[in-house]
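Given the sequences, and given the hints that come with them, work out the whole structure.
Chains as they are written, first to last, in this note's numbering: chain R, 1 to 405; chain E, 1 to 361.
Keep in mind that the hints were calculated from the coordinates and are not lab data.
There may be inaccurate statements among the hints.
With a Cα cut of at most 25 Å, we get these calculated DSS-like pairs of lysine-lysine [stated by the list, open to error]: (1) E:K54 <-> E:K104; (2) E:K341 <-> R:K193; (3) R:K193 <-> E:K99; (4) E:K99 <-> E:K54.
Residue-level listing of the chains:
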Amino acid sequence: MSLKKSLLAASALALVAAGAAQAQSMSSAGALAFDDTNTLFVGDAKAGLVHAFDLSGALVDQADYQLGRAQTFEGRTIFNHLDVEIAALLGIEAADVVINDMVVHKPTKQVLLSIHRGHGPDAEAVIIAVNNGALELIDLDAAEHSSMSVGPVPTSETLEFGQPLNTLAITDIDYYNGELLVAGVSNEEFSSKLRRIPFPFTNEISTSSIEIWHAVHAQYETRAPIISQTVAELDGVPTLIAIYACTPIVKIPLTDLTDGAEVRGTMIGEMGFGNTPLDIVPYVNGWDGTSNVVVTNSNRSAASLNIEAIGAAEAMPHGEGVQNVFSVAGVDQFPLPMSGTLHLDTLDDTYALVVRRSPEDVRNMQLHTVPMPFFFDRADHVVEMNFDGSPDPFGYKAAPPVEYN
Amino acid sequence: MSTLRRWVRRALLAVLLSNPIPVFAEIVARLDIETGNVVLSGLASAEHQAVLAKPDVLRLQVASSMSDRGMLVSLVSDSGDILVAPRFPLRPGTDYALKLDLPKSQFETILTLPAPDAEAPQLIAFAPSQAVLPANILRLYLTFSQPMDSGQLRQSVTLLRADGTEVPNPFLNLETELWDGAQTRATLLLDPGRIKQGVGPNAEVGAPLEAGESYRLRVAGNVRSAAGQPLGSDVSIALRVGPAERRAINPETWQILVPQAGSQSPLTVAFDRIMDSGAVRRLLTLNAPDGTQMAGHITTDGGGWSFVPDVPWQPGSYDLKVDPELEDVSGNTIGAPFDAKPGTIGLRTDPVRLSINITSE
Numbered sequence: 001m002s003l004k005k006s007l008l009a010a011s012a013l014a015l016v017a018a019g020a021a022q023a024q025s026m027s028s029a030g031a032l033a034f035d036d037t038n039t040l041f042v043g044d045a046k047a048g049l050v051h052a053f054d055l056s057g058a059l060v061d062q063a064d065y066q067l068g069r070a071q072t073f074e075g076r077t078i079f080n081h082l083d084v085e086i087a088a089l090l091g092i093e094a095a096d097v098v099i100n101d102m103v104v105h106k107p108t109k110q111v112l113l114s115i116h117r118g119h120g121p122d123a124e125a126v127i128i129a130v131n132n133g134a135l136e137l138i139d140l141d142a143a144e145h146s147s148m149s150v151g152p153v154p155t156s157e158t159l160e161f162g163q164p165l166n167t168l169a170i171t172d173i174d175y176y177n178g179e180l181l182v183a184g185v186s187n188e189e190f191s192s193k194l195r196r197i198p199f200p201f202t203n204e205i206s207t208s209s210i211e212i213w214h215a216v217h218a219q220y221e222t223r224a225p226i227i228s229q230t231v232a233e234l235d236g237v238p239t240l241i242a243i244y245a246c247t248p249i250v251k252i253p254l255t256d257l258t259d260g261a262e263v264r265g266t267m268i269g270e271m272g273f274g275n276t277p278l279d280i281v282p283y284v285n286g287w288d289g290t291s292n293v294v295v296t297n298s299n300r301s302a303a304s305l306n307i308e309a310i311g312a313a314e315a316m317p318h319g320e321g322v323q324n325v326f327s328v329a330g331v332d333q334f335p336l337p338m339s340g341t342l343h344l345d346t347l348d349d350t351y352a353l354v355v356r357r358s359p360e361d362v363r364n365m366q367l368h369t370v371p372m373p374f375f376f377d378r379a380d381h382v383v384e385m386n387f388d389g390s391p392d393p394f395g396y397k398a399a400p401p402v403e404y405n
Numbered sequence: 001m002s003t004l005r006r007w008v009r010r011a012l013l014a015v016l017l018s019n020p021i022p023v024f025a026e027i028v029a030r031l032d033i034e035t036g037n038v039v040l041s042g043l044a045s046a047e048h049q050a051v052l053a054k055p056d057v058l059r060l061q062v063a064s065s066m067s068d069r070g071m072l073v074s075l076v077s078d079s080g081d082i083l084v085a086p087r088f089p090l091r092p093g094t095d096y097a098l099k100l101d102l103p104k105s106q107f108e109t110i111l112t113l114p115a116p117d118a119e120a121p122q123l124i125a126f127a128p129s130q131a132v133l134p135a136n137i138l139r140l141y142l143t144f145s146q147p148m149d150s151g152q153l154r155q156s157v158t159l160l161r162a163d164g165t166e167v168p169n170p171f172l173n174l175e176t177e178l179w180d181g182a183q184t185r186a187t188l189l190l191d192p193g194r195i196k197q198g199v200g201p202n203a204e205v206g207a208p209l210e211a212g213e214s215y216r217l218r219v220a221g222n223v224r225s226a227a228g229q230p231l232g233s234d235v236s237i238a239l240r241v242g243p244a245e246r247r248a249i250n251p252e253t254w255q256i257l258v259p260q261a262g263s264q265s266p267l268t269v270a271f272d273r274i275m276d277s278g279a280v281r282r283l284l285t286l287n288a289p290d291g292t293q294m295a296g297h298i299t300t301d302g303g304g305w306s307f308v309p310d311v312p313w314q315p316g317s318y319d320l321k322v323d324p325e326l327e328d329v330s331g332n333t334i335g336a337p338f339d340a341k342p343g344t345i346g347l348r349t350d351p352v353r354l355s356i357n358i359t360s361e
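In structure tokens:
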């Protein structure tokens with residue numbers, strides 16, 4: 001029996017959740033997003049593409065998987081040493097695992113991670129799912145696939161070394177109402193452009209320069225790449241809320257973003273310097289019904305901003321005589337007790353999900369649920385209610401330990 | 001029994017005691033370098049069936065792994081052997097443990113694909129290469145002789161003042177590093193918040209580079225190539241810093257050396273500043289008198305640009321097209337300086353065309 005035939009026979013044994021080679025369609029796997037149904041979008045900076053995979057057959061409902069006990073502010077650690085476990089699945093050392101992004105498929109609460117198997121130019125790009133607490137490789141070859149070019153067009157005839165050097169690092173992808181919004185940072189230009197792409201792909205793409213905002217102090221307007229973004233309706237108007245590399249928060253109505261437009265965004269806040277924003281994720285506060293966004297940061301704890309406040313915010317003062325505003329400023333920001341966060345998304349109205357460095361041991365990379373709306377897990381903190389013999393007015397300690405399925 | 005025979009028997013016993021005989025003494029696992037599969041031979045028929053029926057008794061994993069999880073494999077019966085086909089190729093030079101755990105016996109062996117000899121990488125170029133750089137420079141490029149591992153620049157590249165002290169956080173802390181597709185050229189983006197005038201970082205801690213000062217950019221010797229070889233020793237690049245460049249690009253000020261028709265001499269442009277050498281290679285194009293783009297060879301160090309055509313110059317009027325996205329190393333464009341007056345950015349988005357007349361005189 002030839003080897004090829006043998007391998008086909010082996011698949012009938014259903015030995016592992018292995019599919020055919022994923023890397024065939026993806027050169028890299030970065031930013032992730034879902035549409036309102038089952039289509040996964042993957043930013044592929046190396047190929048200059050955004051991929052769309054219809055995962056209708058591959059997503060598994062996670063309704064029976066217990067996420068924690070929000071009543072007593074307890075999250076669940078789904079994985080300790082997530083990098084070690086992914087490395088084991090892929091047959092590499094943990095240091096060679098790169099977790100680029102995480103997204104939750106809201107209808108099923110299935111978690112997907114974009115992973116690189118290694119740090120080199122030939123690193124295989126894969127999508128790994130967390131299915132009821134188990135790690136599984138998603139077989140993208142079984143999914144209906146389409147893609148759209150977003151990268152720079154190489155002018156090969158004038159290239160000295162025969163291969164394009166300029167690349168677009170796709171920093172974020174968002175889906176809103178039949179459209180993809182793709183932000184990125186070029187390695188050769190500082191004009192990061194926002195691309196709007198209708199989905200299903202039609203080869204249509206519109207590009208707006210919205211990197212223009214007014215500097216906090218006085219006289220200048222300037223450009224910067226978008227690091228993270230989301231779309232929210234402010235007073236019924238779909239609005240892009242974007243965070244820039246040097247940490248201003250800007251809002252721009254989507255209707256302003258027409259092809260070739262140079263748009264002046266309204267700067268409504270600053271996240272403080274010495275810091276890079278990582279993710280901006282919308283959520284509804286289940287306690288008071290308000291709509292908010294949570295922003296995670298590289299060097300600060302996370303912060304929550306209220307959507308109504310963003311909608312009502314006036315541009316931050318600028319012009320002659322205005323004093324500098326160096327720290328967090330503008331729209332009120334409610335600090336959240338989350339640090340060491342590497343990736344964030346929401347699972348439902350009650351729980352968020354993070355890939356994080358464990359507060360106990362930074363060598364331990366965890367996949368962990370966090371009860372909302374305070375993004376607070378009681379076990380992470382030295383709080384009196386955790387002490388032996390301390391008062392227990394809310395019955396947190398009296399509650400029996402959570403037994404997870 | 002002779003003394004000799006007694007001695008031999010004791011020695012044999014000692015060997016047996018220190019090396020317990022595995023039940024599957026005949027089991028052999030070897031790596032097939034051609035296919036990347038592990039070939040497991042010598043299993044008894046019952047064991048062979050047991051492995052195929054319950055594949056999780058077999059585990060292939062990185063030998064040093066702390067996890068109980070094996071890597072994804074397919075098992076295939078092949079003329080008495082079992083082929084263990086890894087879903088992803090085994091890494092050359094990494095030790096893998098193959099473990100077989102059947103009810104009555106265990107087997108374990110270490111398998112390693114030979115690592116090809118790899119030379120140590122070298123840092124072969126740094127851009128901009130000019131002797132003096134503007135204080136508000138935005139981007140630096142490092143070019144290596146081989147593809148490199150990503151994810152190590154933040155720890156490995158430091159900017160030092162003349163007195164040897166470190167400039168704190170000079171680079172933008174992006175989640176992804178900016179490499180070209182082959183991962184030989186890295187872009188270091190200086191923190192724009194510290195370069196832009198009038199924003200918090202700039203006013204509070206100042207620009208990372210000051211005019212009139214000297215610096216060293218140090219790349220640590222432990223920076224690895226994709227083949228796992230370190231640079232070997234620290235490499236330092238000396239930088240001298242001059243005044244900031246805060247003017248928009250004006251192509252009218254460029255000096256152009258026009259070649260003669262019939263020759264294949266270079267057409268050379270001298271800039272009034274240092275352009276981004278990556279961008280200028282892409283964003284300056286030359287159109288022939290008939291409007292088609294000229295094919296040829298571009299050389300640039302950012303301070304100038306020269307173009308040697310594939311075929312001799314024909315007389316006529318050529319168009320040097322400057323894309324509006326062209327930036328100098330400080331992020332100034334033909335549309336506006338990096339720090340612009342309110343309402344002025346984006347007013348000029350069409351390419352600038354410079355007309356160049358080539359004659360035979």
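The hints, checked one at a time:
no.	hint	result
1	E:K54 <-> E:K104	holds, 15 Å
2	E:K341 <-> R:K193	holds, 21 Å
3	R:K193 <-> E:K99	violated, 52 Å
4	E:K99 <-> E:K54	holds, 14 Å
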